[in-house]
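Protein chains in written order, with the numbering used here: chain H, 1 to 115; chain E, 1 to 114.
Derived from the structure by calculation, the hints contain no laboratory data. What you are looking at is a predicted structure, and each value in this text was computed from that prediction instead of being measured. Hints may contain errors.
Cross-link-like lysine to aspartate or glutamate pairs, in silico, EDC-like; alpha carbons within 16 Å at most [as the list claims (entries may be wrong)]: (1) Lys-101/E / Glu-59/H; (2) Lys-101/E / Glu-103/H; (3) Lys-101/E / Asp-56/H; (4) Lys-111/E / Glu-52/E.
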Amino acid sequence: NAGVTQTPKFQVLKTGQSMTLQCAQDMNHNSMYWYRQDPGMGLRLIYYSASEGTTDKGEVPNGYNVSRLNKREFSLRLESAAPSQTSVYFCASSGHRDRGRGEAFFGQGTRLTVV
Amino acid sequence: AQTVTQSQPEMSVQEAETVTLSCTYDTSESNYYLFWYKQPPSRQMILVIRQEAYKQQNATENRFSVNFQKAAKSFSLKISDSQLGDTAMYFCASPPSGTYKYIFGTGTRLKVLA
Chain H
1 NAGVTQTPKF QVLKTGQSMT LQCAQDMNHN SMYWYRQDPG MGLRLIYYSA
51 SEGTTDKGEV PNGYNVSRLN KREFSLRLES AAPSQTSVYF CASSGHRDRG
101 RGEAFFGQGT RLTVV
Chain E
1 AQTVTQSQPE MSVQEAETVT LSCTYDTSES NYYLFWYKQP PSRQMILVIR
51 QEAYKQQNAT ENRFSVNFQK AAKSFSLKIS DSQLGDTAMY FCASPPSGTY
101 KYIFGTGTRL KVLA
């Protein structure tokens, strides 16, 4: 049982380069999320997708774009990477039919360094 | 807006002892859920325990239990018989009722000492 799978696990980018973080879940969950984790700041929501076909901004969306490709997949794109985007990125999904009641399941994270 | 606060950045405990991690939150909701997640050095986020606000009884999962004080908006995690494998970051989280967003605290780094 894979759960939430995100790739890559590690990435180094040069300032200005672009990249896409991929995420897929096999739990038939409706909702998917992208968080970033920085020291002392916990996890902050970048974007989320409540259901297939919808996406919404979270707390820190600037510099990112997302695509909910289908029910399983939710990608995060950095168009022009900046050193401030150095962070650990987590994809998560949740599936409780009542919003805000079920726990989120997380991928293993991507450590991204922008130099 | 809903907020979640963890005021202890770091804690340590001797193996086999008990430790309590604090979490407070602010919400105007009457029904909501609260979670504690563990993040070991592997980086994986693991659900430890969940509490439903409308339930009076504190949730328990083996050595992990919560002290839920709804009026005080406090949701602390008690770890009994601490083990070396409990060394991790612990995050308190709450999704505002009716939304899809999970709000996380800033975390408490727990070190269990041999």
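Verification of the hints:
| no. | hint | in the structure |
| --- | --- | --- |
| 1 | Lys-101/E / Glu-59/H | holds, 10 Å |
| 2 | Lys-101/E / Glu-103/H | holds, 11 Å |
| 3 | Lys-101/E / Asp-56/H | holds, 10 Å |
| 4 | Lys-111/E / Glu-52/E | violated, 28 Å |
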